[in-house]
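Chain order of the listed sequences is A and B. When we follow UniProt numbering, the leftmost residue of the first sequence carries the number 1, and every step to the right adds one. When we follow UniProt numbering, the leftmost residue of the second sequence carries the number 1, and every step to the right adds one.
For the record, the hints were derived by calculation from the structure and aren't laboratory data. Among the hints, erroneous ones may be present.
What the hints assert, rightly or not - Stretches of chain A that chain B covers, calculated by requiring three or more beta carbons in the stretch to come under 8 Å of a beta carbon on chain B:
(1) 38-45
(2) 130-136
(3) 151-160
(4) 163-176
Ideal Cβ placement from N, Cα and C applies to all residues, glycine included.
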Amino acid sequence: MGTTASHLPKDLLSEYQELTFLTKQEILLAHKRFTELLTKDEKDHQNTRVPMDRILTLPELKSNPFRKRICHVFSTSEHKDGSLTFEDFLDLLSAFSDSATLEIKSHYAFRIFDFDDDGTLDGGDLEKLVNCLTGETDDTRLTPEEMRQLISNILEESDIDKDGTVNLSEFQHVISRSPDFVSSFKIVL
Amino acid sequence: MQISNIGFWESWRQSQSITRKRVWVQMGGALSSLLPWQHILHAIEGKFGVGVKAYFVFLRYLVYLNLLNCTLTSGFILGPTAFYGRSISSGESAIMRDSKHLFGGNDSVLDFFLGTGYLERSPVFIGFYTRGSLDLPCLNTPLLYLAGILTMILLSLIMVVRRTIVGYKHTWMLGKRYSANMSYKIFCGWDFTIQDPASATLKHSFIRNDLKLFLEEQNFSMREAQRTLGQRVRLYLLRVILNLIVVSLLGGAFCLIYFATITSQSMIGWNWLVRLVLQYLPPMSITFVNLILPHIFRKISSFEDYSFTTQVNATLVRSIFLKLASLGMYLFFVLTTTKRHQCMENRFGREMYKLCIFNFLATFCNAFLLNYPRKLVQEKFPTSFLAWVLGKQRFLIPFNVLDLVYSQTVSWVGVYYCPLLPLIGTVTLIATFYIQKFVVMRCCVAEQRMFRASSSSVLFHFMLLLGLLMAAVTLGYSFHLQNIEPDINMSSCGPFQNGKTVFNVTKVCVESLPSPAPATLYYLSSEAFALPLILAEIIILTSYVSRGRANQKAIERLKDMLVMSSSDKRFLVKQHATMLRCRSKNRTKVHSAAVVEDNWQDPPSTH
Numbered sequence: 001m002g003t004t005a006s007h008l009p010k011d012l013l014s015e016y017q018e019l020t021f022l023t024k025q026e027i028l029l030a031h032k033r034f035t036e037l038l039t040k041d042e043k044d045h046q047n048t049r050v051p052m053d054r055i056l057t058l059p060e061l062k063s064n065p066f067r068k069r070i071c072h073v074f075s076t077s078e079h080k081d082g083s084l085t086f087e088d089f090l091d092l093l094s095a096f097s098d099s100a101t102l103e104i105k106s107h108y109a110f111r112i113f114d115f116d117d118d119g120t121l122d123g124g125d126l127e128k129l130v131n132c133l134t135g136e137t138d139d140t141r142l143t144p145e146e147m148r149q150l151i152s153n154i155l156e157e158s159d160i161d162k163d164g165t166v167n168l169s170e171f172q173h174v175i176s177r178s179p180d181f182v183s184s185f186k187i188v189l
Numbered sequence: 001m002q003i004s005n006i007g008f009w010e011s012w013r014q015s016q017s018i019t020r021k022r023v024w025v026q027m028g029g030a031l032s033s034l035l036p037w038q039h040i041l042h043a044i045e046g047k048f049g050v051g052v053k054a055y056f057v058f059l060r061y062l063v064y065l066n067l068l069n070c071t072l073t074s075g076f077i078l079g080p081t082a083f084y085g086r087s088i089s090s091g092e093s094a095i096m097r098d099s100k101h102l103f104g105g106n107d108s109v110l111d112f113f114l115g116t117g118y119l120e121r122s123p124v125f126i127g128f129y130t131r132g133s134l135d136l137p138c139l140n141t142p143l144l145y146l147a148g149i150l151t152m153i154l155l156s157l158i159m160v161v162r163r164t165i166v167g168y169k170h171t172w173m174l175g176k177r178y179s180a181n182m183s184y185k186i187f188c189g190w191d192f193t194i195q196d197p198a199s200a201t202l203k204h205s206f207i208r209n210d211l212k213l214f215l216e217e218q219n220f221s222m223r224e225a226q227r228t229l230g231q232r233v234r235l236y237l238l239r240v241i242l243n244l245i246v247v248s249l250l251g252g253a254f255c256l257i258y259f260a261t262i263t264s265q266s267m268i269g270w271n272w273l274v275r276l277v278l279q280y281l282p283p284m285s286i287t288f289v290n291l292i293l294p295h296i297f298r299k300i301s302s303f304e305d306y307s308f309t310t311q312v313n314a315t316l317v318r319s320i321f322l323k324l325a326s327l328g329m330y331l332f333f334v335l336t337t338t339k340r341h342q343c344m345e346n347r348f349g350r351e352m353y354k355l356c357i358f359n360f361l362a363t364f365c366n367a368f369l370l371n372y373p374r375k376l377v378q379e380k381f382p383t384s385f386l387a388w389v390l391g392k393q394r395f396l397i398p399f400n401v402l403d404l405v406y407s408q409t410v411s412w413v414g415v416y417y418c419p420l421l422p423l424i425g426t427v428t429l430i431a432t433f434y435i436q437k438f439v440v441m442r443c444c445v446a447e448q449r450m451f452r453a454s455s456s457s458v459l460f461h462f463m464l465l466l467g468l469l470m471a472a473v474t475l476g477y478s479f480h481l482q483n484i485e486p487d488i489n490m491s492s493c494g495p496f497q498n499g500k501t502v503f504n505v506t507k508v509c510v511e512s513l514p515s516p517a518p519a520t521l522y523y524l525s526s527e528a529f530a531l532p533l534i535l536a537e538i539i540i541l542t543s544y545v546s547r548g549r550a551n552q553k554a555i556e557r558l559k560d561m562l563v564m565s566s567s568d569k570r571f572l573v574k575q576h577a578t579m580l581r582c583r584s585k586n587r588t589k590v591h592s593a594a595v596v597e598d599n600w601q602d603p604p605s606t607h
């Protein structure tokens with residue numbers, strides 16, 4: 001969308017402004033950054049998908065341990081390859097923007113942490129999540145024993161209905177008690 | 001449930017107070033980022049956990065303290081001496097005459113380390129500060145000198161007590177029932193605004209350290225709860241025995257120092273070499289004991305099956321006992337055995353100066369002659385036998401804190417005799433900061449086990465308080481000596497020379513005051529005042545203790561209420577989750593929707 005020209009059409013811009021939490025300047029900046037990721041012949045096509053590995057070169061995502069998950073969650077691609085169109089990209093920035101509400105942010109956080117996309121956080125998801133947090137290499141990971149203890153702790157605390165998984169409302173319950181989640185769940189170009 | 005109405009005024013006031021608090025927090029954050037070394041501290045915390053950071057924060061605090069003391073010194077002591085000159089009195093001693101030409105013929109670099117030669121004639125020691133031309137009864141350089149030292153000790157006392165109490169209150173409030181919220185740490189742990197790869201790695205290790213610390217504590221408390229009666233009895237027996245060993249080791253060490261002191265005094269009839277060795281016997285035995293015993297204490301505490309934090313603290317308490325007590329013995333030895341010397345105060349100041357300098361040199365050598373080569377050996381020949389013997393280095397917090405407390409105590413004890421010690425202390429502490437940072441970052445590996453800093457930093461400050469107390473006692477004792485035996489202990493140099501003691505000078509000042517003041521002051525310093533004072537203190541203390549008890553009860557009740565309300569909330573969330581699940585089922589089975597909805601007589605309000 002709008003990738004043929006270096007600037008966005010006016011009506012499209014105002015539409016984006018309506019649909020996202022972003023301001024006009026932020027959308028224009030996002031557009032500029034997005035077109036920088038395109039190759040020359042891609043610029044001529046409309047609605048181009050930028051593959052995930054090119055998206056991940058953005059410095060805002062490069063050091064994020066959840067970068068691949070973020071792309072997968074916001075991608076509308078049918079191949080589930082994590083590639084993003086400009087609108088997907090705007091969606092991403094909108095969810096991570098300053099003015100997005102706690103509800104939206106916690107919803108997307110839940111989807112990012114739900115590694116197998118089954119709608120709940122089970123033991124496997126939590127293990128992957130903890131590994132992302134502590135670092136993926138062998139010497140930074142927790143030992144299996146520690147991991148088991150940690151996951152049972154988390155489930156004991158958050159899994160209120162005791163079904164062995166953390167669902168969205170349980171997740172949001174935890175998030176609602178943290179004062180600085182909104183300020184840390186943020187990516188600004 | 002009744003909802004009390006909040007008026008417009010009240011709500012406006014509350015929102016205002018919230019905004020004000022937020023602004024204060026933000027300003028505090030901005031200011032704290034301006035503090036020196038904030039960045040280094042952050043990096044250290046990320047790599048080595050909060051425990052090692054607590055050491056560095058303590059070190060920085062000592063630098064502030066010494067800087068404050070420096071300003072006091074220059075205001076009360078250096079300033080007046082510089083403005084009003086020195087020594088108009090007739091009885092100039094030999095040292096004073098020498099000071100006209102500061103650098104004599106036979107001075108060497110060694111003098112810098114020993115505090116002799118030109119240093120003895122410089123403003124470093126008390127002998128330099130003679131009575132100047134400012135000679136009013138209540139405003140003269142000796143009085144200012146005394147006032148400066150007393151203010152310094154008093155201010156340090158206030159600062160350290162305040163800091164200890166703040167820390168203590170903090171740990172006390174957190175209490176035993178404090179439990180970290182794991183899921184919060186996991187779900188809200190990552191800061192998505194991080195862009196720099198280095199800070200991302202730092203954040204990873206932050207989170208890892210935090211998790212490990214928590215799991216460790218939880219494991220320990222679980223193990224503690226699972227102990228059987230027999231195991232418990234055996235453990236307590238073991239602890240009693242180990243404590244007996246510690247006490248006997250301490251007793252043995254004190255005996256050793258005592259006998260060394262006695263032996264060193266009876267040095268008649270030997271040749272010079274033996275005499276030299278004998279003379280240095282007490283310092284040598286003190287150093288030896290302080291070098292060996294803390295390591296033994298550390299080994300002992302690892303058998304006691306305490307949590308890691310308690311282990312560190314136990315080692316710390318035992319070692320500080322040893323260190324301060326041996327310093328006390330040494331001071332006593334120096335104070336009582338110094339023969340009538342030309343300038344006894346200078347001599348005492350010199351001992352303190354030497355201790356200070358040697359302590360710093362020890363830190364320096366330890367870093368660059370021991371730790372760094374050890375690390376180099378491991379890097380160059382990682383497979384060699386030597387590297388295996390040396391093992392990986394860890395930053396031993398107890399010993400390093402011990403050094404800091406010790407040097408600060410020496411600085412306080414010596415400040416009366418060597419007024420520039422705070423300045424020297426500031427410089428050496430800043431250098432120590434960089435040396436230790438180098439050692440930590442370059443040579444040490446992170447501990448596998450983390451420990452919590454909050455209770456330890458209270459302990460650090462408490463030990464500092466002990467050191468300060470010791471300094472005050474030493475100063476009081478030396479004044480006392482002057483008072484009871486003026487003819488033996490009379491000083492021949494410094495502000496209080498020629499028959500003027502601290503008591504004389506203040507007496508002259510008090511008597512020159514207008515009429516009611518001297519009588520009041522005499523009454524305040526007499527025994528008649530002590531009784532009402534003690535009574536008043538008892539009353540105040542009682543009221544505070546009862547208030548404290550009441551507060552504790554209130555806190556307990558509030559904690560119970562918190563537990564209650566959180567269980568309420570859990571109930572509501574559970575309802576909500578069940579509701580959600582029913583809804584999603586309803587979407588597929590439209591028929592059953594009405595039945596399910598009817599079953600919910602009490603739909604949760606959170607939806």
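### Query
If you look at each residue in the segment 163-176 of chain A, do at least three have a Cβ nearer than 8 Å to any Cβ of chain B?
holds (count 9)
### Query
Under a C-beta cut-off of less than 8 Å, do 3 or more residues of the segment 130-136 of chain A approach chain B closely enough to confirm the stated coverage?
holds (count 5)
### Message
Can you confirm whether chain B covers the segment 151-160 of chain A, using C-beta to C-beta distances below 8 Å and requiring at least three such residues?
### Response
holds (count 5)
### Query
Within the assertion that chain B covers the segment 38-45 of chain A, do at least three residues meet a Cβ-to-Cβ distance smaller than 8 Å?
violated (count 0)
Checked against the numbered hints given earlier, the structure breaks only hint 1 and satisfies all the rest.
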